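K.L.:
Sequence:
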Amino acid sequence: MVLWHPKRLNTQYNSLPASLRSFLNEVTEEIPRAPLETRVLNSIELELSRRLSLRNQHFATFFKIKRPENKDADLPYRKIGAGSCGTILAQEGQPFVVKVAKTDGNALWNDYMMHASIADQFRIWSVIEDKIPACYYFVPKGNPYFDDNPTLLQGAEQVCNMPKDALVTERIYPLPLRTRNLLIENFCAEQAKSAARRDPENRDCLVRVYLGSMWGGTERSFSLRNFRLHLNQMADLQLDAKVIAGRIATALAVMHWAAKTDARNVEFVLASSSEKISENFLGREIQSFEHPVYTGPPSNVHNDFFTRTADLWVLDFNQVQPITMDEAGVATAVEAYKFNDPYFPRPLRESRIEKVVWNEFVEQYLGAAHIIIREEENIRLLPLPGKFISGLIALERHKQQRD
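Its first residue numbered 1, the sequence shown is counted upward by one per residue in full-length UniProt numbering.
I should point out that these hints are in silico values taken from the structure, not numbers from a laboratory. All of these numbers come straight from a predicted model, not from anything done at the bench. Wrong hints could be hidden among the right ones.
[Unchecked claim] For lysine to aspartate or glutamate, the following DMTMM-like pairs were computed, each having C-alpha atoms within a straight-line distance of at most 25 Å:
(1) K79 with D316
(2) K131 with D240
(3) K102 with D148
Could you put together the complete structure from these sequences and hints?
P.N.:
Below you can see the structure in the form of structure tokens.
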């Protein structure tokens, strides 16, 4: 089962029902015909743009792991981030993180359930361009797991009032050191750059992509933890925000119509992914060689993490709620969109880039949703994704009239 792919939009457009094509024409916006003006990027901007481009490979920067003097001792856990319901702990060199609950409620259990459910749908629909961390296991508070992992318990007690629930998931690796330094150089106020480079928290760099905001600028109070990259900044760097918009739209359609959730407070970030070494030659090609030759990677490095790529990751599912497949469910999804951070493009905006990302978002969302709902074999549901888009337009129109 292959989901709608942004690069196949034009080839599949004519296969959509005439009513959906007509609706697309109504809700997408006219792009100015004047040629797009671009400026010449300086060397820092050019390299940063290349490093933040999706699927662009670059050599990995490995963490310098400080080994304990006692070789039998475990490395300590340290805080690498925090969300609304939990604090994220990680151990250097380990491919997992532990989210420890901040309260005694069920938010982390909901995070676990919704994360697992959405991840299932990403697998079913072969969503490979949007990354979602593997969801490993849940640990209720008071479970012997913590006693059997004293290093984790010690790290958790430094940031939380234990005992608390915990959720173990795949670690999303931060952007490499060179990329982090370029972000500081380009977006941090001059007087704060030195402190930003020294701040150990800035190692944990994930970049939030705010397609719905044009308010990015140079920041005096600067942090690379959950760094906010606004649409105007993406345009300045000449990043392909249209590609990001399409991928976010596809992920949102899967969360709405396959996982049947409102996607409330879900985050979209640029972070690292590892490229696995693949076989360079087929067996029949090897048999054609006249003598033994080197067939390994050009870098001569055999570690799985010999390169990294910037990828779009989807995370934080603790506030996600199920929705019904009717107009009430659509209204819930629109409300969730309203209260989320501005990851999603906004309609009825003035600038060219805002119109471009909105159009791509709408086209990819409606195309993906149509394919998903068609599998349900329930034609009653087919108008619902369009009602969601109409709800977003009505929401923005009301906001503009109020302002």
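K.L.:
Confirm or reject each hint.
P.N.:
Now the hints, each set against the structure:
1. The straight-line distance between the Cα atoms of K79 and D316 is roughly 16 Å, inside the 25 Å bound, and the hint therefore holds.
2. For the given pair, K131 sits about 18 Å from D240 by alpha-carbon distance, which is consistent with the 25 Å threshold.
3. Of the pairs offered as hints, the one joining K102 and D148 holds, with about 21 Å between alpha carbons and a cut-off of 25 Å not exceeded.
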